[in-house]
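For the record, the sequence lines run as chains A and B.
Counting from 1, position 201 in the first sequence corresponds to residue 203 in the working numbering; the numbering is continuous, with no gaps.
Counting from 1, position 63 in the second sequence corresponds to residue 65 in the working numbering; the numbering is continuous, with no gaps.
These are calculated hints, taken from the structure and not from any lab test.
Don't take every hint at face value.
Each pair may be met inside one copy or between any two copies, as identical chains are not told apart.
Below, simulated DMTMM-like cross-link-like pairs (lysine to aspartate or glutamate); rule was C-alpha separation at most 20 angstroms, straight line [what the hints assert, rightly or not]:
| # | residue 1 | residue 2 |
| --- | --- | --- |
| 1 | K277 | D131 |
| 2 | K144 | D108 |
| 3 | K144 | D243 |
| 4 | K277 | E154 |
| 5 | K144 | D224 |
| 6 | K144 | D131 |
This structure is a prediction, so every number in the text was calculated from the model and none was measured.
2 protein chains.
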Amino acid sequence: MTRVLLPWSDLTVPPSLDATVYDGIAAPPDDLGDIELYVLPYDRGIAPIELIGAMPSLRAVQSLSTGVDNVHPLVPAGVQLANGRGLHDLSVAEHALALILAAQRDLPRWIRQQNRGTWERAHTASLADSRVLLVGHGSIGKAIERYLLAGEAEVVRVARTARDGVHGIDELPALLPAADIVVLIVPGGEGTRGLLGAVELAALPDGALVVNVGRGTAIDTDALVAEVGTGRLRAALDVVDPEPLPPEHPLWTERTVLITPHIAGGSASFHPRAKRLVETQLARFAAGEPLLNVVD
Amino acid sequence: MTRVLLPWSDLTVPPSLDATVYDGIAAPPDDLGDIELYVLPYDRGIAPIELIGAMPSLRAVQSLSTGVDNVHPLVPAGVQLANGRGLHDLSVAEHALALILAAQRDLPRWIRQQNRGTWERAHTASLADSRVLLVGHGSIGKAIERYLLAGEAEVVRVARTARDGVHGIDELPALLPAADIVVLIVPGGEGTRGLLGAVELAALPDGALVVNVGRGTAIDTDALVAEVGTGRLRAALDVVDPEPLPPEHPLWTERTVLITPHIAGGSASFHPRAKRLVETQLARFAAGEPLLNVVD
């Protein structure tokens with residue numbers, strides 16, 4: 003029997019594998035000497051990762067995060083490392099849509115009215131017919147696009163490099179003046195820092211909505227504060243720069259801004275997708291087939 | 003030239019028609035004696051409707067509302083009446099999705115935190131993987147379904163009569179215990195009054211979300227207040243019974259309830275759809291073809 007260490011007990015495990023459960027909260031099992039595959043508990047800090055050092059028979063490590071920068075240095079040479087790419091995509095896309103619809107249909111206004119017990123009707127903007135600039139067209143961008151098309155919005159795709167049906171990022175200045183909504187789903191780092199700065203924000207038409215579910219650094223926060231402060235632009239942000247946003251930051255109190263604390267990826271849709279990936283990997287491991295999502 | 007009276011000036015009008023604009027706000031034109039087609043201004047009260055009596059040459063009236071009960075008695079025999087069926091569907095569907103996502107992704111919580119300037123993360127429910135009971139499967143229900151499928155929810159359809167892929171309303175009691183979300187999109191009237199009463203609400207599992215974008219009378223409000231009062235169920239309601247909801251009503255202050263004041267149909271998506279319908283009707287009228295959406 004090949005021993006594997008798994009974070010949950012509710013998994014379908016091939017009969018040739020002998021599974022032990024370690025959830026990253028309870029104490030780890032003592033006998034780790036013959037563990038050959040270790041599926042890391044999700045989001046439980048560094049201790050479960052350091053446990054790799056107690057597994058001399060290890061052949062593969064499966065992380066459930068997309069980024070494995072903190073795991074990589076602790077994985078010995080010759081041991082495969084697979085990541086959790088895609089497991090959070092749908093959750094992020096769903097939250098992006100929640101932010102867009104909340105802004106377009108003015109949910110903060112209705113919630114304020116509810117707090118006062120006021121029944122007062124008004125017309126709102128809509129997502130339908132809006133021209134939405136999707137900046138970033140990986141798996142999250144594609145998931146957002148499926149929602150937008152279902153809602154009869156017009157989607158304009160932008161990615162780092164132009165390809166069929168997708169504009170290159172260098173075309174962004176020309177596209178901004180005609181956008182009703184801009185959704186940023188770009189990674190962090192120097193390449194995307196200040197992607198929407200004062201000049202780009204000024205190019206957006208009055209009333210445009212800026213949505214960010216990628217990384218906060220992609221928007222120049224001071225420039226955004228200036229534009230939302232006059233009420234010219236609106237924003238719905240799951241990520242900001244800096245994070246956490248300090249209590250006294252002016253962004254909190256802007257009337258046209260909606261802020262959620264970097265929680266787009268953390269919803270219930272993660273677990274079933276993580277479970278499916280782990281079960282697929284267990285079947286491949288048992289059959290001697292190559293794992294998916296191997297990094298390097 | 004055939005004279006027509008239209009609510010907007012930004013319409014494409016066939017050359018054989020002579021268009022005059024009346025928006026229902028400014029004073030009506032004096033010379034209405036030879037108007038043959040009258041497109042009623044939308045949502046401007048009874049005065050524009052009574053103007054029909056000043057048009058002896060009238061052959062057809064186009065309303066932009068779905069319900070034409072108030073127009074019908076004022077349309078002379080022999081004059082066609084067409085309604086605005088479908089023009090609000092997408093707006094209602096979009097708002098239903100806004101309510102569902104706001105509840106699942108806990109937007110009221112984030113807005114409360116924003117009001118306090120608090121950055122505090124937490125996991126939420128999701129729409130993805132949820133089993134959604136769509137009660138009502140006309141054009142609004144179908145528009146909601148397109149959104150739900152884009153978001154990888156499981157859709158269970160319920161309509162008045164069972165048909166292929168759609169459960170009959172008599173199966174509702176058997177379906178409620180396995181629903182994560184119930185969306186009501188049923189018309190008013192005695193046939194749907196109290197569709198979700200104490201027994202039906204009790205059949206829902208703990209934490210289920212009740213969404214209503216149809217008519218408030220379809221839910222027994224007292225029974226709902228009891229279930230949300232204990233925190234066992236959640237609700238997101240664009241329609242309630244009574245409307246307007248009085249300022250002191252207990253529903254306003256329930257922590258698990260989100261209320262919008264019957265505004266699902268009133269968004270910017272109406273105008274372009276209404277414009278397209280009117281332009282289609284003008285082309286048909288000019289060509290001597292039968293109008294769409296004729297009632298009776």
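Going through the hints against the structure:
no.: 1; hint: K277 <-> D131; verdict: between (37 angstroms within a copy, 13 angstroms between copies)
no.: 2; hint: K144 <-> D108; verdict: neither (25 angstroms within a copy, 24 angstroms between copies)
no.: 3; hint: K144 <-> D243; verdict: neither (25 angstroms within a copy, 40 angstroms between copies)
no.: 4; hint: K277 <-> E154; verdict: between (33 angstroms within a copy, 16 angstroms between copies)
no.: 5; hint: K144 <-> D224; verdict: neither (30 angstroms within a copy, 43 angstroms between copies)
no.: 6; hint: K144 <-> D131; verdict: both (19 angstroms within a copy, 18 angstroms between copies)
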